[in-house]
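Enquirer: Chains A and B are the protein sequences, given in the same order.
Following numbering that gives the first Met the number 0, the numbering of the first sequence begins with 0 at its first residue and continues without gaps.
Following numbering that gives the first Met the number 0, the numbering of the second sequence begins with 0 at its first residue and continues without gaps.
Don't take every hint at face value.
The following label-pair restraints were derived from C-beta to C-beta distances [stated by the list, open to error]:
{"hint": "1", "chain 1": "B", "residue 1": "Q54", "chain 2": "A", "residue 2": "D167", "range": "18 to 28 angstroms"}
{"hint": "2", "chain 1": "B", "residue 1": "R28", "chain 2": "A", "residue 2": "K25", "range": "46 to 56 angstroms"}
{"hint": "3", "chain 1": "A", "residue 1": "R253", "chain 2": "B", "residue 2": "T184", "range": "53 to 63 angstroms"}
{"hint": "4", "chain 1": "A", "residue 1": "Y83", "chain 2": "B", "residue 2": "D70", "range": "22 to 32 angstroms"}
{"hint": "5", "chain 1": "B", "residue 1": "E238", "chain 2": "A", "residue 2": "D167", "range": "43 to 53 angstroms"}
{"hint": "6", "chain 1": "A", "residue 1": "A237", "chain 2": "B", "residue 2": "R181", "range": "47 to 57 angstroms"}
{"hint": "7", "chain 1": "A", "residue 1": "K1", "chain 2": "B", "residue 2": "G58", "range": "24 to 34 angstroms"}
{"hint": "8", "chain 1": "A", "residue 1": "S252", "chain 2": "B", "residue 2": "E25", "range": "23 to 33 angstroms"}
{"hint": "9", "chain 1": "A", "residue 1": "K25", "chain 2": "B", "residue 2": "E125", "range": "28 to 38 angstroms"}
{"hint": "10", "chain 1": "B", "residue 1": "S136", "chain 2": "A", "residue 2": "R23", "range": "20 to 30 angstroms"}
{"hint": "11", "chain 1": "B", "residue 1": "E25", "chain 2": "A", "residue 2": "R101", "range": "31 to 41 angstroms"}
{"hint": "12", "chain 1": "A", "residue 1": "F169", "chain 2": "B", "residue 2": "M0", "range": "42 to 52 angstroms"}
{"hint": "13", "chain 1": "A", "residue 1": "T165", "chain 2": "B", "residue 2": "E25", "range": "34 to 44 angstroms"}
{"hint": "14", "chain 1": "B", "residue 1": "R288", "chain 2": "A", "residue 2": "S252", "range": "45 to 55 angstroms"}
Okay, derived cross-link-like pairs now, BS3-like style, lysine-lysine, Cα gap no bigger than 27 angstroms in a straight line [what the hints assert, rightly or not]:
{"hint": "15", "chain 1": "A", "residue 1": "K164", "chain 2": "A", "residue 2": "K20"}
{"hint": "16", "chain 1": "B", "residue 1": "K130", "chain 2": "A", "residue 2": "K20"}
{"hint": "17", "chain 1": "A", "residue 1": "K25", "chain 2": "B", "residue 2": "K130"}
Here are some chain A residues the structure puts well away from chain B; computed CB gaps all over 12 angstroms [as the list claims (entries may be wrong)]:
{"hint": "18", "residue": "P9"}
{"hint": "19", "residue": "P133"}
{"hint": "20", "residue": "F162"}
{"hint": "21", "residue": "W229"}
If you're looking for bench data, these hints aren't it; they were derived computationally from the structure.
Just so you know, even glycine gets a beta-carbon here, dropped at the ideal spot from N, CA and C.
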Amino acid sequence: MKARPGLWRPVYAVIERDLVKLWRQKGRLLSALVRPLIWLFVIGAGFEATVGGGEGSYRSFLVPGVMGMAILFGALLGALSTVYEKESGVMRMLVIAPFAHRWIVFAKMQAAAISAVFQALLLLIILAVLGDLPAHTDWALLALGIFATAYACAGIGMLVAAFSKTLDNFAAIMNFVIFPVFFLSGSLYPVGNLPGALGIAAHLNPYTYGVDLLKHALPQPTGHDSDFAWTLDLAVLAGFTLLAFAVSAWRFSREQAYAPLFGLSQRAASKAK
Amino acid sequence: MSAAILAQSLVKRYGDFTAVAGLDLEIGRGEFFGLLGPNGAGKSTSIHMLSSLVQPTSGRAEVCGIDTQADPVAVRQRIGLVFQDSALDRQLSVWENLRFSGLLYDLPLAETQARAEHLIRLFGLEEKRDKPVGSLSGGQRRALDIARGVLHRPEVLFLDEPTIGLDLPSRRRIWRFIAQLRAETDMTVLLTTHYLEEAADCDRVAFIRGGRIVLQGEPDALVRDLGSDIVEVSADQPESVRAELEAVLGPARVEFETLAFRPPRHDAAALAALTESLGARVRSVVVRRPNLNDVFLWVNQ
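The whole structure should be built from the sequences, with the hints applied where relevant.
Expert: And the structure:
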């Protein structure tokens with residue numbers, strides 16, 4: 000009997016490849032940084048002009064939210080590259096490799112989360128240079144918050160990737176996944192202010208707890224505006240990450256998840272319908 | 000020693016459509032086996048089932064004695080699969096693709112490097128080593144796909160239509176690469192193709208049609224069993240001469256303006272007399288040796 004191949008090299012390979020590609024796609028990296036900064040400057044300044052309040056108070060409220068945004072977009076787009084890989088056929092290299100297919104999900108989630116952390120760190124440096132980081136930043140909690148949020152967001156992306164066959168519906172994914180997840184969180188306003196159904200949706204949104212955890216780590220001078228205990232935030236994020244992994248891994252263990260890869264059989268299947 | 004590939008009554012259905020309708024195969028170690036048939040005959044689906052990627056609706060398969068459903072990882076460890084469509088990452092270079100594949104098979108980097116450099120040289124990709132795959136020609140890309148498929152030295156290699164969509168020089172080059180690979184290893188190769196002339200070098204071939212094997216054997220023996228030379232008569236109005244010809248040569252197979260016959264025995268004198276009597280009503284009469292294409296066409300008659 001041959002020894003079973005190990006898992007470290009394959010998992011490392013997937014992570015390394017995604018990071019190398021991110022680094023080479025300077026446009027993607029740049030927009031990942033510019034997007035949150037635009038929100039911080041434009042929305043921050045705009046709202047302050049509208050509703051008043053202290054100088055820079057809304058802008059400083061937005062800091063955890065834009066950190067979360069960098070993580071959310073970074074992790075989600077990273078995980079969604081799985082769909083692109085199904086379409087372009089690169090996924091063939093992964094499905095024929097000698098490991099259970101749940102490890103593809105594991106590796107892609109790691110890659111998505113790590114590239115999100117990387118993007119968050121770059122943004123953090125810019126925010127520090129701009130002087131937007133609060134004086135009482137809890138660095139340990141911030142590190143924890145960035146990682147926990149990145150994994151949960153990678154989980155959201157993986158769930159979408161596991162169930163969508165093509166990127167044709169990317170606009171739909173933007174509209175029905177990324178925007179609701181972002182807007183129905185505490186990024187732009189405290190969750191407590193959201194009425195009725197929106198409030199419930201925000202409470203069900205795992206990303207809400209990520210932003211909340213970042214608010215704990217980046218406390219505002221005016222006092223805490225977080226909605227939940229940081230331990231609850233962490234528990235929800237960890238629980239959701241595990242659930243998202245389990246569901247995506249189950250999905251990826253079924254051949255339907257690879258539909259575009261087996262062109263002939265699928266064409267035959269659609270003919271049969 | 001167990002067979003390299005064993006399939007017992009493999010069936011794959013998609014809804015009402017039956018892609019593979021009971022495939023039985025036994026391929027020995029080191030054998031070069033061709034699975035032949037037209038597009039949509041179920042060749043790719045068969046390969047996907049044999050390589051553990053697609054679950055059979057019923058039946059079972061083994062690779063090197065390992066059940067594909069009981070232990071798919073052990074099966075994938077022993078096989079290489081060159082898909083009909085490329086599996087390469089177009090954004091990465093030739094070397095980066097091989098490096099990535101080597102890591103996926105848990106090969107130490109030094110081993111991947113040594114093996115990759117050898118394959119890059121063997122397949123003439125030296126100048127493209129650090130170029131993105133997107134800049135490669137179709138033939139070069141297919142060569143790299145094959146290199147990727149054999150990088151980890153599989154015991155069994157599946158080649159799904161390795162020359163499809165390539166021009167003739169590229170096809171010839173791919174065949175030379177495959178012959179070189181077979182010469183340096185003792186791996187079993189299962190090839191699918193619908194270019195039947197390419198399967199003439201196989202140890203054995205099987206014709207698959209409608210998801211079922213209709214004929215199998217050694218290519219030479221199959222051609223020999225066809226028994227006779229093929230007589231091809233072309234005419235402007237083939238139907239007008241068909242009856243006369245069939246009386247002497249047996250049933251015809253009509254292909255556009257050509258009638259093909261497989262006369263029970265070769266009788267040059269009778270054929271000459273017949274040609275004489277038909278005169279200008281036929282354009283040409285050709286007698287030639289049969290090949291695998293003929294076997295396939297007559298089998299499906």
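Enquirer: Does each hint fit the structure? Answer for all of them.
Expert: Hints, verified against the model:
1. Q54(B) with D167(A): 18 to 28 angstroms: Holds, since Q54(B) and D167(A) (Cβ atoms, about 27 angstroms apart) stay within the stated range.
2. R28(B) with K25(A): 46 to 56 angstroms: holds (51 angstroms)
3. R253(A) with T184(B): 53 to 63 angstroms: violated (34 angstroms)
4. Y83(A) with D70(B): 22 to 32 angstroms: Cβ of Y83(A) to Cβ of D70(B): about 31 angstroms, so the range 22 to 32 angstroms holds.
5. E238(B) with D167(A): 43 to 53 angstroms: At 50 angstroms between Cβs, range holds.
6. A237(A) with R181(B): 47 to 57 angstroms: holds (52 angstroms)
7. K1(A) with G58(B): 24 to 34 angstroms: holds (26 angstroms)
8. S252(A) with E25(B): 23 to 33 angstroms: holds (29 angstroms)
9. K25(A) with E125(B): 28 to 38 angstroms: holds (29 angstroms)
10. S136(B) with R23(A): 20 to 30 angstroms: holds (23 angstroms)
11. E25(B) with R101(A): 31 to 41 angstroms: holds (33 angstroms)
12. F169(A) with M0(B): 42 to 52 angstroms: Holds, since F169(A) and M0(B) (Cβ atoms, about 51 angstroms apart) stay within the stated range.
13. T165(A) with E25(B): 34 to 44 angstroms: Since the Cβ atoms of T165(A) and E25(B) sit about 39 angstroms apart, the hinted range of 34 to 44 angstroms holds.
14. R288(B) with S252(A): 45 to 55 angstroms: holds (51 angstroms)
15. K164(A) with K20(A): holds (22 angstroms)
16. K130(B) with K20(A): holds (15 angstroms)
17. K25(A) with K130(B): Answer holds: K25(A) to K130(B) is near 19 angstroms, not above 27 angstroms.
18. P9: At roughly 5 angstroms from the nearest Cβ of chain B, P9(A) sits no farther out than 12 angstroms, so the non-interface label is violated.
19. P133: holds (39 angstroms)
20. F162: At roughly 19 angstroms from the nearest Cβ of chain B, F162(A) sits farther out than 12 angstroms, so the non-interface label holds.
21. W229: The claim stands: W229(A) keeps its Cβ more than 12 angstroms from every Cβ of chain B (closest is about 38 angstroms).
In terms of the numbered hints stated before, the structure departs from hints 3, 18, listed from lowest to highest.
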